[in-house]
Every structure is written in C-alpha cells, then in structure tokens.
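Undergrad: Given next are the chains, with one letter for each unit.
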Amino acid sequence: MTAAPTLLTALGLAIVAAPLFLLGSFFAAFLVDRRLSEPTTGRLVQASVVTGLLAALAAAVVMVRAGIAQHTIVLGDWTITPSYHLKLAFVLDLLSLAYVILALLLCGIIGAFSTRYLHRERGYSRFFVLFAVFLVGMVTASLSDTVETLFAGWEMVGLSSVLLIAFFQERPSPPRNGLRVWIVYRLCDVSLLLAAILMHEVNGGGDFDHLVGQSAWPAHDPLPVSPHFTLLGVLFVIAAAGKSALVPFSGWLPRAMEGPTPSSAVFYGALSVHLGAFLLLRISPVLDSSVWLSAFVVVIGLITSAFAYVAGRVQTDIKSALAFASLTQVGLIIAEIGLGFRYLALLHLLGHACLRTLQFLRAPSLLHDHHQLENAIGSRPRDEAVLWEQRLPLPVQRSLYRLALERGYLDSMLDRYFARPFVAFFRALDRQEERLADAIDGSRTVPVESRDVHPSRP
Amino acid sequence: MNVAALPLLELALLLPWVGAATVAFVRNPPAAARFSLAFLILLLTAAGAIALSLGATGGIRNRTFAIDEVSAPMLPVLVLLHLLTLLGTSKARVTPALCIRILLSVFVGLAVVTCQDPWLLIAILALATLLPFWELRSLGKPFRVFALYMSAFVVFLGIGQFLVGTGNPALGFGLIILALGIRGGIVPLHGWVPRLFQNATYGSAMLFVLPLMEVAGAIRLLLPGAPAASLNAASIACLVTAIYGGGMAIVQNDVRRFYANLCLSQTSLVLYGVMTHTVNGLTAALCLWVSASLSLAALAFSIRAIEARFGRLSLDRHHGHYEQVPGLAVSFLFTGLACVGFPGTVGFLPMELLFAGSIDHGLWVSFTLAIAAMLNGIAILRAYFALFTGRRPSMSVSLPITRIERVGVVIIALIVFAGAWLPPSIVASRHRVAESLLGVTPSPGDH
Numbered sequence: 105m106t107a108a109p110t111l112l113t114a115l116g117l118a119i120v121a122a123p124l125f126l127l128g129s130f131f132a133a134f135l136v137d138r139r140l141s142e143p144t145t146g147r148l149v150q151a152s153v154v155t156g157l158l159a160a161l162a163a164a165v166v167m168v169r170a171g172i173a174q175h176t177i178v179l180g181d182w183t184i185t186p187s188y189h190l191k192l193a194f195v196l197d198l199l200s201l202a203y204v205i206l207a208l209l210l211c212g213i214i215g216a217f218s219t220r221y222l223h224r225e226r227g228y229s230r231f232f233v234l235f236a237v238f239l240v241g242m243v244t245a246s247l248s249d250t251v252e253t254l255f256a257g258w259e260m261v262g263l264s265s266v267l268l269i270a271f272f273q274e275r276p277s278p279p280r281n282g283l284r285v286w287i288v289y290r291l292c293d294v295s296l297l298l299a300a301i302l303m304h305e306v307n308g309g310g311d312f313d314h315l316v317g318q319s320a321w322p323a324h325d326p327l328p329v330s331p332h333f334t335l336l337g338v339l340f341v342i343a344a345a346g347k348s349a350l351v352p353f354s355g356w357l358p359r360a361m362e363g364p365t366p367s368s369a370v371f372y373g374a375l376s377v378h379l380g381a382f383l384l385l386r387i388s389p390v391l392d393s394s395v396w397l398s399a400f401v402v403v404i405g406l407i408t409s410a411f412a413y414v415a416g417r418v419q420t421d422i423k424s425a426l427a428f429a430s431l432t433q434v435g436l437i438i439a440e441i442g443l444g445f446r447y448l449a450l451l452h453l454l455g456h457a458c459l460r461t462l463q464f465l466r467a468p469s470l471l472h473d474h475h476q477l478e479n480a481i482g483s484r485p486r487d488e489a490v491l492w493e494q495r496l497p498l499p500v501q502r503s504l505y506r507l508a509l510e511r512g513y514l515d516s517m518l519d520r521y522f523a524r525p526f527v528a529f530f531r532a533l534d535r536q537e538e539r540l541a542d543a544i545d546g547s548r549t550v551p552v553e554s555r556d557v558h559p560s561r562p
Numbered sequence: 007m008n009v010a011a012l013p014l015l016e017l018a019l020l021l022p023w024v025g026a027a028t029v030a031f032v033r034n035p036p037a038a039a040r041f042s043l044a045f046l047i048l049l050l051t052a053a054g055a056i057a058l059s060l061g062a063t064g065g066i067r068n069r070t071f072a073i074d075e076v077s078a079p080m081l082p083v084l085v086l087l088h089l090l091t092l093l094g095t096s097k098a099r100v101t102p103a104l105c106i107r108i109l110l111s112v113f114v115g116l117a118v119v120t121c122q123d124p125w126l127l128i129a130i131l132a133l134a135t136l137l138p139f140w141e142l143r144s145l146g147k148p149f150r151v152f153a154l155y156m157s158a159f160v161v162f163l164g165i166g167q168f169l170v171g172t173g174n175p176a177l178g179f180g181l182i183i184l185a186l187g188i189r190g191g192i193v194p195l196h197g198w199v200p201r202l203f204q205n206a207t208y209g210s211a212m213l214f215v216l217p218l219m220e221v222a223g224a225i226r227l228l229l230p231g232a233p234a235a236s237l238n239a240a241s242i243a244c245l246v247t248a249i250y251g252g253g254m255a256i257v258q259n260d261v262r263r264f265y266a267n268l269c270l271s272q273t274s275l276v277l278y279g280v281m282t283h284t285v286n287g288l289t290a291a292l293c294l295w296v297s298a299s300l301s302l303a304a305l306a307f308s309i310r311a312i313e314a315r316f317g318r319l320s321l322d323r324h325h326g327h328y329e330q331v332p333g334l335a336v337s338f339l340f341t342g343l344a345c346v347g348f349p350g351t352v353g354f355l356p357m358e359l360l361f362a363g364s365i366d367h368g369l370w371v372s373f374t375l376a377i378a379a380m381l382n383g384i385a386i387l388r389a390y391f392a393l394f395t396g397r398r399p400s401m402s403v404s405l406p407i408t409r410i411e412r413v414g415v416v417i418i419a420l421i422v423f424a425g426a427w428l429p430p431s432i433v434a435s436r437h438r439v440a441e442s443l444l445g446v447t448p449s450p451g452d453h
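Going line by line, the protein sequences match chains A and B. Mind the numbering: the first sequence is residues 105 to 562 in the numbering used here, read in order. Mind the numbering: the second sequence is residues 7 to 453 in the numbering used here, read in order.
If you're looking for bench data, these hints aren't it; they were derived computationally from the structure. Backbone N, C-alpha and C fix where the C-beta goes; we use that ideal spot for every residue, glycine too. Warning: the hint list may mix true and false statements.
Distance windows between CB atoms, simulated [what the hints assert, rightly or not]:
{"no.": "1", "chain 1": "B", "residue 1": "L444", "chain 2": "A", "residue 2": "F522", "range": "36 to 42 Å"}
{"no.": "2", "chain 1": "B", "residue 1": "V413", "chain 2": "A", "residue 2": "R535", "range": "37 to 43 Å"}
{"no.": "3", "chain 1": "B", "residue 1": "G231", "chain 2": "A", "residue 2": "A121", "range": "48 to 54 Å"}
{"no.": "4", "chain 1": "B", "residue 1": "V413", "chain 2": "A", "residue 2": "E225", "range": "28 to 34 Å"}
{"no.": "5", "chain 1": "B", "residue 1": "G231", "chain 2": "A", "residue 2": "A170", "range": "58 to 64 Å"}
DMTMM-like mimics (lysine to aspartate or glutamate), calculated; alpha carbons at most 25 Å apart, straight line [unchecked claim]:
{"no.": "6", "chain 1": "B", "residue 1": "K97", "chain 2": "B", "residue 2": "E329"}
{"no.": "7", "chain 1": "B", "residue 1": "K147", "chain 2": "A", "residue 2": "E537"}
{"no.": "8", "chain 1": "B", "residue 1": "K97", "chain 2": "A", "residue 2": "D137"}
{"no.": "9", "chain 1": "B", "residue 1": "K147", "chain 2": "A", "residue 2": "D542"}
{"no.": "10", "chain 1": "A", "residue 1": "K191", "chain 2": "A", "residue 2": "D181"}
{"no.": "11", "chain 1": "A", "residue 1": "K191", "chain 2": "B", "residue 2": "E441"}
{"no.": "12", "chain 1": "B", "residue 1": "K147", "chain 2": "A", "residue 2": "E538"}
{"no.": "13", "chain 1": "B", "residue 1": "K147", "chain 2": "A", "residue 2": "D534"}
{"no.": "14", "chain 1": "B", "residue 1": "K147", "chain 2": "A", "residue 2": "D545"}
{"no.": "15", "chain 1": "A", "residue 1": "K191", "chain 2": "A", "residue 2": "D325"}
{"no.": "16", "chain 1": "A", "residue 1": "K191", "chain 2": "A", "residue 2": "E305"}
{"no.": "17", "chain 1": "A", "residue 1": "K191", "chain 2": "A", "residue 2": "D313"}
{"no.": "18", "chain 1": "B", "residue 1": "K147", "chain 2": "B", "residue 2": "E313"}
{"no.": "19", "chain 1": "A", "residue 1": "K191", "chain 2": "B", "residue 2": "D366"}
{"no.": "20", "chain 1": "B", "residue 1": "K97", "chain 2": "B", "residue 2": "E313"}
So here's chain A without its partners, still in its complex pose:
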C-alpha cells in the first residue's frame, strides 16, 4: 500500500503532462516554423487526451482500491516566509477526478469530431492550438489544490474561449463579441484574484485544504465564522457567476456562439460554463459558513435559471437556444450547491455536460435532417404544444417577450452605465493630454490614419 501514493503522484503528473505535451508540440512546431499536417495534429490530440484520460481512470481505480480519499501533488513551492508563499499544487479527490475525467472524455470526443468537422478549414491548426490551451487550463483548474493553480487554469480557459469565439476572424462580429466576452471574464477574474489575496490573508496561503481542512471533499472541518469568510464567499460567487454566465453576467453567452460548433459544444455546453459551478463545489464549505451566502447562491441560481428559460424561448438559432437551455440547467446546479446538495449537483453537472455536448454536436446535422423532413412532408411540422406563456395577459406576454428578446437588457445596461462613460472619460483625458502637449510643443498632433503609411523610420 505504500506504493499507492507514489503511483498516484505519477498518475497525477501524467494527467497534467499529457495536455502540456500537446501544447508543447504545437509550440515546438511554431518555434521551428513547421506546419503540422492535419493527420499529425489529429494523432497528437488523440494520443495526449487518451493518455490523460487513462491516467485519470487509473488514478481513480488506485484511490478506490487503496482507500485513499485525497492525494496532493506539489509541483512548485515559492515559499518566501511562512505567511507569504505561492504554491503550484494539484489534488486528486472525488471532485477533481470526476471533473477531469469528464473534461478529458469530452475533449477527446470533440477532438475526434473536430478533425473531421474542420477538415481543410483555414484555421485548423489555430483551432487545435487553442484547444490545447483550453485542455491545459481545464486540467489545471480541475486538479488545482491552491487558488493560484486554479487561477492559472481559469485564465487559460478564458483566453482560449475568447480566441475561439473570434475564430472566424475575417468577419467583424466574432472579434467584437470575443472582446466583449473577454471584458466580462476579466471583470470577474478581478474577483477571483481578490479572493486569492484574501485567502492568503485568512489562511496564510492559497491552499484549499488550509481553508476547508484536511478532510476529503465534500466533508470538511468546521470553519471559524468571520466576516472575511462571507466576503471571500461573495468574491468566489462573483468569479463563478462570470465564468458560468450567471445573472447579471449572462449577456456574453449568446455572443460566445460565434465560434465553431465543436468549441461551442465543449466550452459553452459542457465544460467552461460549468467551471463556475465546479469552483463553488470546491469552496462549498465556505458557503456552508454563512446562511446568507448560501441563500445568495440559491437566489442567483434560480434567477439565472428563470432568465435563461425565458430568453431561450425566443431564440431563433439552434446554438443560442441550446446555450440558454444549458444556462437554465447551470442555474439549477448552482441552486443545488447553495442548498447543500453537493453530490446531486455533481451528478447533475456531469450528466448535463454529456447531454449538452451531444446536442451541440448533433445540431448541424439535425438542421439538415429537419430540412429533409420538411421537404418530404411539404410543410413545416406543426407544433401543437400549448405554452404556458399564452395563458398570461397580453401586456405581460409582450413585456416578457421584449425582455427575452433583449436578453434581459443586460448588455445594453453594461454599455450604458459602464462602457460608454468609461470610454468617454478616458477619451476626454486623452484629448486634454494631447492639447497640453501640443501647446507646449507648438505643433499639432496628426491622427495616425492621416499620416504617411510608410514613414521614413519605424
């Protein structure tokens, strides 16, 4: 039995190393200026995902057989003083293994699907590079044992998601939507960063086991109740809300559908959108420390679920409809976490991620089948279901419809109250700066577009 921890460490490292190997291969090809062929890329993806998945499954078997509920692997420890240190550490437990197996399984499926779906697409290599970044981020976040490790994975997932939203980069709207999503992500990442800093203050380190005790998830030691814990919990909830598109950050979700279908499936149907729920599961003992915090989580979850249901009713494209359907379930999962049903939430998450991946991947061919069906019967299939909305008074119906169509006015509020004043303020400062410098220099600054496009010096 003494060999089991060593074996687990080796397997844990293999899980992390497999996607890193994939990313490293792409990076090496970039450095030596070699373009990998489609079959080579496909084989590399499959090899790394399968290796990681087998290692994760083996780790699960070893843990069950050896009766080990939790195993920690420390990769780097930048200890400066006992109260000032950063640690790169991973943990193998029920939650992390379940999520990493899910991530590797779905990424394997999506990888195999994408090699065919994106065949001869101009951005084929770019897609798989971003896919590799996403995989590294997802594995890192899933197995993280410290908040710094989680943050590293979290950011990688965010960046790869955004760049995949902008995948069809010749069109104007994907990069624009990608940037909007990035802004929301960064805004909520501030919250995660602050939570990390506060964890150092509360615990003297970023380790989750310092926060919740040595017991394996979901059990935990009793936590001291302090105002810091509630604040910490709120910060984590905001971070989770951004990543999982919970209200009031739901506006970015339909924008994320600009990316290719496989990325939509794996990111917004299955893994990325559940990462917020995963974070709340990981820090669930913090939620338990305050009834108000738990209630807050339940309310956010239910509001998100209701909003997503209503907004989803009026979507006219299948990916947006699926995205809102996904969000409805994510809201329920969040509410379950707030209510303290950890196992239920985990099972719900796993099942929902698998189902939604299937639906997203089926979406393009389903439309094709639908068209064939319509052609065969000569008309559109009749929808005879009576919707409950039709029982509402007409003015309420209209208001609800407008609300759903405008996606709760969340984007327009963000524009009106944050983005425009921000830009106006800094543009005004910029103009003042230019004017002052022009006055001192005695010359006027020429806008860059009016300048000679090939100046004499760079």
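Put chain B on the given structure of chain A with help from the hints.
TA: For chain B alone, coordinates are given in the frame of chain A:
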C-alpha cells in the same frame, strides 16, 4: 578558469564604448549592425558570467561601480533588451548612428544599475536624457515637451540630493521622489512618455523608457532613508498611474500611444513595489523589474516588425494582418499577455507576488492592482483583435517573417515561457536583497 578573477565589471562597462567607437568608423549600415550585434553578444556573455558568478565572488567592487545582488540579475536583462531592440530594427532602417545610440544606451543602463555613488548616478541619469533629445533634434521632431520634463527631472534630482546631503532630508527626498516620478511617468507627470513614443523612433523611445532607470534611482537614492509619508504618497500616485495607464491604453487609436500607456501602467507597478518600502513589496518589484522590462521589450519587437511592414497603424478598425504574419500575431499575443502577468508567462509569478504582498496595505490596494491588471489585459486583447483580425488586405507582395525576426521571436518565446519557471531560490534571493535594502533583520522562519 576562474571567472571571478577576470575584470568582468570593467569589461562590461568598457565594451559598449569600444563598440560605439568601432561602429563610428563604419559607414556601411549592415556592417555597423553586424559589429553592434557582435559587441552586444559579447556583452551579454560577460553580463551572464557576472550574474552567474555572483554567488562565488560575493560581488565585484570597484571604487564607484559594484556588482551586488541588486545589479547582477539586471545586467543580462539590460543587454538582452538592447539586443532585442537591434534585432527588431528592420534592415533598411539600421544606421551607424542608431547602432552607436544603442551601444551608448546599454552603457548607460549598466552604469546606472552598478553605480554606487549618488552624484555620479545623477550625472549618468542626466546624460542619458541627451540620447533621445539628440535623436528628436536630428529628426526635426518637436522636442519641447521632452526637454521640459527632463530638465525638471534633472533639476529636482540634483537639488533633492543636495538637500539630502546638507541637512534637509525631508524636502530633499521629496524632490527626489518628484524627479523619479517624472522619469517614471507617474501621473500627472507623465506627459512626455506618449509624446516620446509618437515623435522619436520606436527603438530609442523604448530604450529610454524600458530599462526603468527610475527604479534603480529609487533603490539607490531613496532606500532606506526616505520618510515613510513621502513614499506612501508616491506609492498611491503609482497606483493611480497603473489604473490611468490601463484605462488610457484601452481607448487609444494609435498603436504607439497604446504602447506608451501600457508602459506607464506596467512600469508604475514596479515603482509602486519599491515605494511600498516593505520587504514583500520590494521583493515583488525586483522580480517585476526583470519581467516587465523584458516582456514590454518583446511586445515592442512585434509591434515594430508590424510597423516596418504596414506603417503606423490605428486601432480604430480591424486590419486583418493575421494571415500575413501569423508568427508576429502569436508573438504579439503572448508577449502582451506576459506584460500583464498571464499564467505560464514570465510576468505571472512577479505579479502574483505583488498581489500577495499588497494585502499588507489593505484590500483596496489589492483591488486597485487587480483592476489595473484587468484593464491592461483588455487593452492587449483589443489591440490584438484590431491588428490581426478582420478582412485580410489584398497585397501584391509577400511579407513573411524574416530569418532575423524569427530568431528574435524564438528568443522572446524562450524568455516569456522559460522565465515563467523562476526558481524559488531566485525569489528567495530577491527577498534577501529587499531585506538588506530596507535594513530589516531576517526573521528566523524566513527562506
């Protein structure tokens, strides 16, 4: 061979002068570039040897210049920064005068970080302002803004040091802080930075701004004697600059002004760490000094390569250059993200150290730092999307990445990603330096 026995410090300080003198006799620009490159590589070797031999020698001391734990790691960084600048200058635009300026600039950098005598340090910092001034004059560009700010910098620094030496340290240190604030582009004393990037050549502007000589000045002239109240006020100004620079970088439509404001935001974080006059803050600042200089220089490398192909670019529309220069697009993205401390890059650990250390000053400070990081991250991606996404412009000539640019990109990639795994011993050594600079006795549990 005993490396410690070699006169490495003298060699490092002499080589740039020998290089500049040699290049002055060369009329052929490509030959001048080759000579300069050879001298910079030699210098990099010497600087690397100095940094590596520090543990064995315990430092190299001359009368006025010294290699200690503050300066040793900065020497290769400064040379690398100049090397990248030379590599990033397109062949058609290299002139012997530019090569001489680069070599003199590297001397200034090395002299500033190794100089132990305050008055000599002030003299070198003052002389360093002449290099961009010389260029602005020779290009016929407006120079009054630069001249005004730099005159104020030199005057305040000189008077401040005089007052510190003559029994009025409070006012003296205040003037020194003001002078370093001007040099570091701390809001509202920053007006010269965007202007310099707009009017001077990119290379000269970045060589003047990126070595962060104000940080060396602050370490040598302010610590540990400066009054806490003055340093606290300066640290708040640095925080304001971090936010201001980030916000301004987001709304810019000119790539150079975007870069200038990004520099302001990032470099103010380094100065913030110094001004906190706490061990944790200073440790983070010493690490961030290295990572910010290198990653900003690396980002500039990509921007200059793009400008060399397509001219000065605006950020108010999408240019679609990804398909033409994918290598530069990737390089732009990862160097930009390294600047803002993205995980897996050279900037991550220093930024994390800065955040972790900031809690000593209250959660609002951490919040401000996090907001600054957020704004800079948004600015980087906005610029990336503007430059590289959009409809591909039709061009009759192919503009692939050149061999020399690829060498630069490979060096940058290695710096950005290999630098992310900064050994714990290096961070611990920075912590020791911070303790010694602040005159703090190490606690028994440390390191």
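Undergrad: Holds or violated: A:K191 with A:E305, Cα cutoff 25 Å?
TA: holds (15 Å)
Undergrad: Taken at face value, is the distance from the CA of B:D366 to the CA of A:K191 at most 25 Å?
TA: holds (19 Å)
Undergrad: For the pair supplied as a hint, B:K147 and A:E537, confirm whether the alpha-carbon distance does not exceed 25 Å.
TA: holds (18 Å)
Undergrad: Keeping to a limit of 25 Å between CA atoms, is the pair of A:K191 and A:D313 held or broken?
TA: holds (12 Å)
Undergrad: What's the verdict on B:K97 and B:E329, does the C-alpha distance respect the 25 Å limit or exceed it?
TA: holds (23 Å)
Undergrad: Tell me if the straight-line CA distance from A:K191 to A:D325 falls inside 25 Å.
TA: Roughly 22 Å separates the two Cα atoms, so the pair holds.
Undergrad: Given the hint that B:K97 pairs with B:E313, does the C-alpha gap stay at or below 25 Å?
TA: Satisfied, since the Cα-Cα distance of roughly 13 Å is no more than 25 Å.
Undergrad: Taking the beta carbons of B:G231 and A:A170, is their distance inside 58 to 64 Å?
TA: This hint holds: roughly 60 Å between Cβ atoms.
Undergrad: Run the distance test for B:K147 versus B:E313: straight-line Cα separation, threshold 25 Å.
TA: Roughly 19 Å separates the two Cα atoms, so the pair holds.
Undergrad: Hinted pair, alpha-carbon criterion (25 Å max): B:K147, A:E538. Please report holds or violated.
TA: holds (16 Å)
Undergrad: May I ask you to test the hint 36 to 42 Å on the CB atoms belonging to B:L444 and A:F522?
TA: Check passed, 40 Å falls within 36 to 42 Å.
Undergrad: Confirm or reject the claim that B:V413 and A:E225 have a C-beta distance inside 28 to 34 Å.
TA: holds (31 Å)
Checked against the numbered hints above, the structure violates none of them.
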